[in-house]
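Enquirer: Dock chain B against the given chain A, drawing on the hints supplied.
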Amino acid sequence: MSDIEIIEIEPTDGQDPDTGFADTLLPRNDVAVHAQQLTKRYGGLVAVNQLDLVVPKGSVFGLIGPNGAGKSTTFAMMASLLRPTTGRITVMGADPSKKPRTVRRRMGYMPDNLGVYDNLRVDEYLEFFAASYGIHRSEWPTLVDGLLELVDLGVKRTAMVNSLSRGMKQRLSLARALVHDPELLILDEPASGLDPRARVELRELLRSLNAMGKTIVISSHILAELEEMCTDIAIMEAGKLLASGPPRQILSQLGGARTIRVRFADHSTETFTVHDDAGQTGLLRRLLVDDGREVVEFVEESGGLEQLFMTITEGVVQ
Amino acid sequence: MMNPVLSRELRERMRTGRAFVVIGVFLAMLILTVYLVYQGTTSTGQIDLDLSRQTRMGRDIFEYVLLVMLLLVLFFVPGLTAGAIAGERERQTLLPLQVTLLRPRSILVGKVLAGMSFLVLLLVASLPVMMVAYLLGGIRVIDGAKGLGIICVVAFLLTTMIASLSTITKRVQTATLLSYGFTALLVLVGPLLYLTLAIADGSKGTDARNPPAVLVAVNPISIVADATAGEVVTDGGNPLREVRKFIVESKSRNADSWFAWFPEDDFGAQFRIVNGRTGLPAWAVGTAAWFALAAAMSTLAVRRLRTPAETER
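Chains as they are written, first to last, in the numbering used here: chain A, 166 to 483; chain B, 46 to 358.
Simulated from the structure, these hints should not be mistaken for lab results.
Careful, some of the hints might be misleading.
[Claimed, not checked] Only pairs whose alpha carbons sit at most 25 Å apart, straight line, appear in this in silico DMTMM-like list of lysine to aspartate or glutamate: (1) A:K379 with A:D277; (2) A:K321 with A:D288; (3) A:K321 with B:E54; (4) A:K379 with A:D217; (5) A:K379 with A:D397; (6) A:K263 with B:E355; (7) A:K379 with A:E354; (8) B:K215 with A:E354; (9) B:K215 with A:D283; (10) A:K379 with A:E390; (11) B:K215 with A:D277; (12) A:K379 with A:E366; (13) A:K264 with B:E355; (14) B:K215 with B:E54; (15) A:K222 with A:D346; (16) A:K405 with B:E355; (17) A:K379 with A:E393; (18) A:K321 with B:E57.
[Claimed, not checked] A few chain A residues facing chain B, derived, Cβ under 10 Å: (19) Y274; (20) N278; (21) A295.
Backbone N, C-alpha and C define an ideal beta-carbon position, used for all residues, glycine too.
Pulled out of the complex, with its shape left as it was, chain B reads as follows:
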């Protein structure tokens, strides 16, 4: 039987106009991105017959769309998921739910899957926009699948974290503020720490500005940039490429750390990428860190939902 919380959430969600507004805004932002990139890369507004420039434009559109998609996910997930449990508390529906035979884990899973289903709907709805880049060339189907796949993973882990966070507050408004704060922290904590340590290294008067590169990897933009890297990652030109360049540089400054280092044997060679990105992939490290955080938070959330409890929650 389908998770009852999931089926109820989907039914309720699609009944409100809010869902369609979100889909509309999401698609409008992506279409606007394609339009602006297209206008920005062609001087005449005509289709360029130079194949290399055209494929470069296809790649640019794809990467900009991915970036905007990720930013929209980071913006919408807290807003759509913050009320998962806090909303049940606020409208006083949690107690009747807790005295049913549903286990706390099922309640949380239902909430996460409901949030995720909606995000998948958003991503599927954006496929025609992605197709523009595909038609121009420069990307393969596998690139598109990798891009959407990694955004789905980031969205799923963030949804899990925000739904878990939702168990600690009683009001949706508080949960929403907390969720946006938490997401901002998640996005900024790595780069800010990296920057701070780099400045600290610099102030020592040495040239060795080499803070741990892993700090860069936990940033969601780094995760998406690294996972969708094409053949040449060091080519500049758009934000995702700049992030990739930064990851490669920071890893090369940490050549002896576990994050950058990889054994130069046959086994290691399988994981080496021809463009010089040696070591553990940043996207894998970042995703693993997010996964660990999501697992810890959801475990605590299930404990908070468990009844009988010591105090009324």
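Chain A on its own, in the form it takes in the complex:
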């Protein structure tokens, strides 16, 4: 028998009999984070408003939204730091409000603020967090070596944390979130304040981690970066979820226009507008088969996610 557990769906109304929330159609073992009608209120302010979200395991999931959209609050609820006002969230199958330690064992969290202990050495910093996760002292040297190699800070092993650049501190924070080898990484604005080189290095690092089988939930203001990296995205504004799914799927659903730049063998370049993947295939067929033109380059202009973001959001600030 398969060890995959399928969430039972009530045949009548498709709701969880205990909570009344609609269940996901994904097998439970394939879901890293599942939020249902998740709401967080601070007095009169609704920071997160009835958010429904499914983060598939093994995905790189980008949470996008303007400042004040509720991304960090959503992350804090995922990371077992904040209790939802109403609604439900499960992280790696456990409810962070009821079983925070179960969630913490399987999740690594990197908040948007870069807080590090300046009077510690890099290796001492990681050892401290290893101890805080209950990892035995005998495992520390191997663990620290491995983590520093992964984040490319091996040469800084005995350097004081306060001597590191911002990019290095960011990588050290990522190593800290990885200290207990979590399956899920929640990264709140990990690229903020980094120079272009450090951003590229961080992106490569996250790709490697994803290739190692880790699910990554990430927020960033640099949409082009998320576009390259994310398998799934969710767009939030004013606490509400506006769209969620693979970027191309969202684009198709919204019927957003895509700009295709085509360069021909005669060195001429033309741009075309299509609305979906089918339109893109049709255009290529028309150029090659119907018109018989020699195409040397067929590129979708970047800015798709940015365009999508601008199309969907209205700049509402709470």
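Expert: For chain B alone, coordinates are given in the frame of chain A:
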């Protein structure tokens, strides 16, 4: 495994020059105290060969050193501990700590023990200064142990209270101000209330100026004075002796209260002290009150550190 917060705090603390400055100031103040008491009690500056005067000087030096030690503890604890949790918040290191498997209680205990370890280091470093009094005579090893012991207890309870207080602020500066205010209140509230009630009693035109003596007991100087009382407590001469005299007098004015009263049976007799200090010892009452306050504050602090929380703290 050693508490991770404790080991990290000790490592960080001893790496900064601040720790050595504090140790230096602490010892300098104690040495200065010994010097001033010595100069003040000998007219010639020579060692007095009269044994009774010499032992009296040894006792004076011991008691002045204890008092200064206590005042330094009351001064340093808020400064050294106020940033325990507020500092983690200010440098934004609390959230990463809260998502580890460390329990809120472990975080607070680590902070308190780190503060306490440093204070114990200060007290151990001051032992050679204490030895001067011991060499002059008038005190026994047990007196020294009792003195350091009660200061350790006061320091531990105050550290617990200040570390707990540190959970309610987000900035170290605010926490420091709050901690000094709280310590001042802790030191002054008992005597001020006692004085106010005494004045109120006096204004009634009666001679019975007998506010509850327990108000005197919650003062840390009273706790140390009472716990380190020698054979004769009513002898005046130095501040701790004056405090002891005051405690005995205030208790005698409250002879029928639970604080002063003690049953005159065999069981009670075991607790009676030959010098006439009947009733519950002031140091025990004061320490119990401090312990209750520290326990209540630390319980609330652990609740504040607990996650998931209703609001971001």
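Enquirer: So, against the hints stated earlier in the document, which numbers end up violated here?
Expert: none
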